[in-house]
Amino acid sequence: MNDAKPIAVAAPQHSHFLKTTKGISMRIKPSINWLFAFIPVTLALEHAGLIVRATEQIATRTGDAVGGLLNATFGNAPELIIAFVALKAGLLDMVRASLIGAILANILLALGVAFLLGGLRYRDQDYNPAAARVYSSMMLIAVVSLAVPSAFSRFFAPEETIRQETLLNVGLAVVLLVAYVLYLVFMLKTHPGAFAAKGGHVGEEAEGKHWSLRRAVGSLVGASLLAAWMSEILVGAAEGTGTALGMSQVFIGIVFVAIVGGAAESLSAIVMARKNRMDMTIGIALGSSIQIALFVAPVLVLASYFIAPQPFELSFGRAEVGALLMAVLIGAVVSGDGRSNWYKGVQLITVYLIIALMFYFLPEATRP
Amino acid sequence: MNDAKPIAVAAPQHSHFLKTTKGISMRIKPSINWLFAFIPVTLALEHAGLIVRATEQIATRTGDAVGGLLNATFGNAPELIIAFVALKAGLLDMVRASLIGAILANILLALGVAFLLGGLRYRDQDYNPAAARVYSSMMLIAVVSLAVPSAFSRFFAPEETIRQETLLNVGLAVVLLVAYVLYLVFMLKTHPGAFAAKGGHVGEEAEGKHWSLRRAVGSLVGASLLAAWMSEILVGAAEGTGTALGMSQVFIGIVFVAIVGGAAESLSAIVMARKNRMDMTIGIALGSSIQIALFVAPVLVLASYFIAPQPFELSFGRAEVGALLMAVLIGAVVSGDGRSNWYKGVQLITVYLIIALMFYFLPEATRP
Amino acid sequence: MNDAKPIAVAAPQHSHFLKTTKGISMRIKPSINWLFAFIPVTLALEHAGLIVRATEQIATRTGDAVGGLLNATFGNAPELIIAFVALKAGLLDMVRASLIGAILANILLALGVAFLLGGLRYRDQDYNPAAARVYSSMMLIAVVSLAVPSAFSRFFAPEETIRQETLLNVGLAVVLLVAYVLYLVFMLKTHPGAFAAKGGHVGEEAEGKHWSLRRAVGSLVGASLLAAWMSEILVGAAEGTGTALGMSQVFIGIVFVAIVGGAAESLSAIVMARKNRMDMTIGIALGSSIQIALFVAPVLVLASYFIAPQPFELSFGRAEVGALLMAVLIGAVVSGDGRSNWYKGVQLITVYLIIALMFYFLPEATRP
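From first to last, the protein sequence lines stand for chains A, B and C.
Sequential numbering from 585 applies to the first sequence in the working numbering.
Sequential numbering from 585 applies to the second sequence in the working numbering.
Sequential numbering from 585 applies to the third sequence in the working numbering.
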């Protein structure tokens, strides 16, 4: 739910609208969009509840980190499909924007709001610092893996190095996928304890009745699909609204749509923080970012050679790579000690606001 | 005392001198300046003592971190006023140089010398690592908030984006000020314990007689005002001397004047380290940097729209932003474990020397 | 053994070959080279064993960190001599490539493989986190010290600032050498405990007989010289092979030759990890990087003014400095908690692969 591939479906006509009938139709649309928006928002709130409950039930058996992983996987799966559709339609810039937007929204906004709201209820909240460290180093690897092809496409003339860039992108994608598979082996097989929740949350599991594993997984899949469908509608509404409000395409893609599209998943992370289950909060927010950077992105690169009209390359602008690097560095420093409080949430949200401001004012033509 | 706004008052005629009568008058001036310099240096040493004692007396009641905060506030208050005067006179480059110079001098030089001299007396010195982590993440946020407008003014043609830059700068300033106010709430209200000194230093408080809070605060205010006045004289002398010695304006602004102007405050940090009160040392040095970046800088941005001939923007060169980022990263790694020794001081001083060398040799015209 | 100065001796004719008889002779050479390569590889494996045993014997008396330091010193000493020869011949680019290649190979590949193979035998391996932190901050300082002159030579016209650059380079070299000497004082004199191994490894020392200190040091020196000689042959072979395989000079210098040339030393680090002596592993891998950056590099800069046809400056491209910064940041996050496992090895190796891919595809002419 956290990235914004749905734009891929809705956007072309919008951006077309924008150029041809800029103004007139825009002023009518938002009101309809806002109307549409209200329904899914209420539904989202209810269904996030279902996702949270299903995740908790699974986590009873698998541990918090694995529960978070499942949550992230079912959350990202529908978007992967939508991104495929977008790739096929050749909307490469939108896919790129949705990737970077989803990562930023997860590690700064979702985690920040979860820290803030969790910290307003509990003075200090503890979680496993070793897990946070693994997440931080995974994200740094992701930044390197995005920075390299981005620097390439910025510095070198395209005609001369097209073959090189293709090989570089494929090579990077394979390296990242192998690292991601080994990360799953590490997390699920050899070192599940490294991600174990502190304390164990035994008492809380008695809250509701035990669900069967089948029912829990089924609920998670069903609710995730529903949330994906809702976020599609929401994202369409968000896009129209954003355009009508005069936001740039960059801002809509990286910030506005990422927030709206990722609302359901962010909600799960926040609800868990309010229940003082920080390991699951971190598993959802950071685990989802890692999945996008180290699984979704390379899969899209590789798939683009088969389904897209032109290869999809991980070439981002300076602003995107810089924002990602700073987000990851601050995330590492803020979350590295295994203890959160409300002000850490404020810090993460502050950085998100600064980055959002930057993208808001970034002129579209002269984008570096 | 730690930033160099006094140049604002003294500099115009110097830089004017520099261009018109370069050479002749310069050779006479320094000798007079050096004469002037000797008086305030001795006074500074004495008054730093008073500042330290007043801070200690306040800290007896408020804790080390709050004591450090008060020390930093009274240390920065006079400069804020002087910076206002400089803004009004349109000396934007000088204000910028003094901001960046003060931050670098605090987190690298003052802390480095304090670690070094403290470490020569005590083998290992402990302080609260959670507090150091908060300071580090605040500084990273400050770096992001300076990097964004700096990248903007470097990459975009000014004529097209002037309105955008104005909004961006105002937006950033508001975000930073809100974050700073919440930081004070966090530090003083909700989590004073997070900044509490390790151990408690109960024994040392018995060193002198207890002052009344009024006397302690009064002494701090008085001594700070005196130190500010002295640092003004010193900075004027330093500037003349630097120019006479052929230093570039960049080096004088960012390095030479920052060291001289921040001497009194640095002295407080060092004296505390020699007394093994590292939490206060860190509170003074890092707290002061945070205050400059997250309070003084945004206030100046907002104020410039009312008092300055042109808006003051936080647009620094690559060298400044790069130096700041590296300083903050090294500061985070070096100070993150809550234990200092003399060699950590050497490391911080080394980085300061490298950065100072860079600014010394930076050609003025082709500055990136 | 870990950097690739031997290219200096073998390379000129190769690169000459490359330009004149590109193709024909190249196709014959590799087969001979591969033949040559087999002998030293087997010898290397045997002698690494001798180096390891000698280092262990010394460490019995001096502690693991000092053992690692000695290992690194004897490993780097022969290359320093070879680099002198290369400087004298004016092969500055090769010396630069070998420096950066050796650092990257040590902190990413050698440490990564050691973590991976050590972690496959032992579930979790502990080492002294304070020592890892010192190494990390030293490496950050090294990055700053390389980034500054690199930025200089990139941004400024050479004719105008040649005198400036000379002074900057000499100044930096002196600062780094002083920092390195003080680092030795810190490590060997005032805080040997900060680098002490966790636990003490008393049991393992009984493995073999105790050697006399003279025999241990003698073996280390002898084996190191032998390994240096072998790595010269190996590097020559590697260079020819790399050129024949169509690798760019950048890739050969920074990646291929660095791996081959550093094989013996990397082997020591890996063997120690398999014996669960992680403090020595880290001492060898990171200690060697620090020595190259803070001792070998500045010594070469200073020496170049006496022996080289033109001054040797620490001016690297963006790709090199960027790679180094990311390597050090990831190294700091991954190794900072004093506990390793196989997946941390995978992470470091992944970053090395990404960087190697970058250099592989970097076009030579348009190198930024």
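The set of hints was computed from the structure by calculation and includes no laboratory data.
Idealized CB from N, CA, C, for every residue including glycine.
Some clues are possibly wrong.
SDA-like, lysine to any residue: derived pairs with alpha carbons at most 25 Å apart [said to hold, decoys possible]: (1) A/K859 to B/Y944; (2) B/K859 to C/K773; (3) B/K859 to C/T774; (4) C/K859 to A/K859.
To be clear about the criterion: a stretch of chain C counts as covered by chain A if any three or more of its residues have a C-beta under 8 Å from a C-beta of chain A, and this derived list gives those stretches [to be verified]: (5) 749–757; (6) 895–906; (7) 910–920; (8) 936–942.
Beyond 12 Å from chain B on every Cβ pair, some chain C residues (computed) [said to hold, decoys possible]: (9) V697; (10) R705; (11) R717; (12) L724; (13) H794; (14) S796; (15) S803; (16) V805; (17) L829; (18) R923.
Against the structure, the hints come out as follows:
Between A/K859 and B/Y944, the direct Cα distance comes to roughly 55 Å. Violation of the 25 Å bound is thereby established for this hinted pair. Using a Cα cut-off of 25 Å, the hinted pair B/K859 and C/K773 holds, with the two alpha carbons roughly 24 Å apart. Between B/K859 and C/T774, the direct Cα distance comes to roughly 20 Å. Compliance with the 25 Å bound is thereby established for this hinted pair. A C-alpha spacing of about 44 Å is found between C/K859 and A/K859, which places the hinted pair above 25 Å, so the restraint is violated.
Here the stretch 749–757 of chain C counts 0 residues with a CB under 8 Å from a CB of chain A, which misses the bar of 3, and the coverage is violated. Three residues within the 8 Å Cβ limit are the bar, and the stretch 895–906 of chain C against chain A gives 3, so the coverage statement holds. By the rule of at least three residues with a Cβ nearer than 8 Å to a Cβ of chain A, the coverage given for the stretch 910–920 of chain C holds, with 6 such residues. Residue count for the stretch 936–942 of chain C with a Cβ under 8 Å from a Cβ of chain A: 5. That meets the three needed, and the coverage hint holds.
Here C/V697 stays apart from chain B, with its beta-carbon at least about 24 Å from theirs, past the 12 Å limit. Residue-level check passed: C/R705 sits 29 Å from the nearest beta carbon of chain B, beyond 12 Å. At roughly 6 Å from the closest C-beta of chain B, the C-beta of C/R717 falls inside 12 Å, breaking its exclusion from the interface. A cut-off of 12 Å between C-beta atoms contradicts the statement that C/L724 is not in contact with chain B; the least separation is 5 Å.
The non-interface label for C/H794 is consistent with chain B: the shortest C-beta to C-beta separation is roughly 32 Å, beyond 12 Å. Residue placement check: C/S796 keeps its beta carbon more than 12 Å from all beta carbons of chain B (closest about 33 Å). Even its closest Cβ contact with chain B, about 31 Å, leaves C/S803 beyond 12 Å, as expected for a residue assigned away from the interface. For C/V805, the requirement that its beta carbon stay farther than 12 Å from each beta carbon of chain B is met, with the minimum near 28 Å.
Remark: the non-interface label on C/L829 is consistent with the geometry, its nearest Cβ contact in chain B lying 37 Å away (cut-off 12 Å). A cut-off of 12 Å between C-beta atoms confirms that C/R923 is not in contact with chain B; the least separation is 15 Å.
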